[in-house]
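Going by the working numbering, the sequence shown opens with residue 243, and the numbers climb by one from there.
No lab work stands behind these hints: they were computed from the structure.
Ideal placement from N, C-alpha and C gives every residue a C-beta, glycine not left out.
Worth double-checking, as some hints may not be accurate.
Unchecked claim - Just the calculated beta-carbon pair ranges, DEER-fashion:
1) Arg269 x Ile245: 29 to 37 Å
2) Leu248 x Leu268: 28 to 36 Å
3) Ile285 x Gly262: 30 to 38 Å
4) Val261 x Ile283: 23 to 31 Å
5) Asn244 x Ile285: 55 to 63 Å
6) Tyr273 x Ile245: 33 to 41 Å
7) Phe255 x Asp275: 27 to 35 Å
8) Arg282 x Gly257: 43 to 51 Å
9) Met243 x Ile276: 41 to 49 Å
10) Asn244 x Trp266: 30 to 38 Å
11) Phe255 x Ile276: 26 to 34 Å
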Amino acid sequence: MNILLLLAPFSVFLGLLAVGAFVWTLRTSQYDDIQGAAERILIDDDDHPDAPEAGDAAGR
243 MNILLLLAPF SVFLGLLAVG AFVWTLRTSQ YDDIQGAAER ILIDDDDHPD APEAGDAAGR
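Please build the complete structure, drawing on both the sequences and the hints.
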């Protein structure tokens with residue numbers, strides 16, 4: 243039963259750490275361009291040496 247005194251605070255700490263990591267990803271704009279990242283993985287850069295940079299949306 244004494245192990246609960248160790249595991250309960252540890253699990254709360256891990257939960258808060260996960261929430262903190264999620265908030266950090268929101269603040270650093272990790273989820274801004276989900277569709278663009280999904281399409282960018284399919285582009286073969288070897289066929290198009292003059293292709294615009296990955297962050298340039300004007301070249302589409």
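We went through each hint and held it up to the structure:
no. : hint                        : in the structure
1   : Arg269 x Ile245: 29 to 37 Å : 36 Å, holds
2   : Leu248 x Leu268: 28 to 36 Å : 31 Å, holds
3   : Ile285 x Gly262: 30 to 38 Å : 34 Å, holds
4   : Val261 x Ile283: 23 to 31 Å : 29 Å, holds
5   : Asn244 x Ile285: 55 to 63 Å : 57 Å, holds
6   : Tyr273 x Ile245: 33 to 41 Å : 38 Å, holds
7   : Phe255 x Asp275: 27 to 35 Å : 32 Å, holds
8   : Arg282 x Gly257: 43 to 51 Å : 33 Å, violated
9   : Met243 x Ile276: 41 to 49 Å : 46 Å, holds
10  : Asn244 x Trp266: 30 to 38 Å : 34 Å, holds
11  : Phe255 x Ile276: 26 to 34 Å : 30 Å, holds
Going down the numbered hints, you'll see the structure goes against just number 8.
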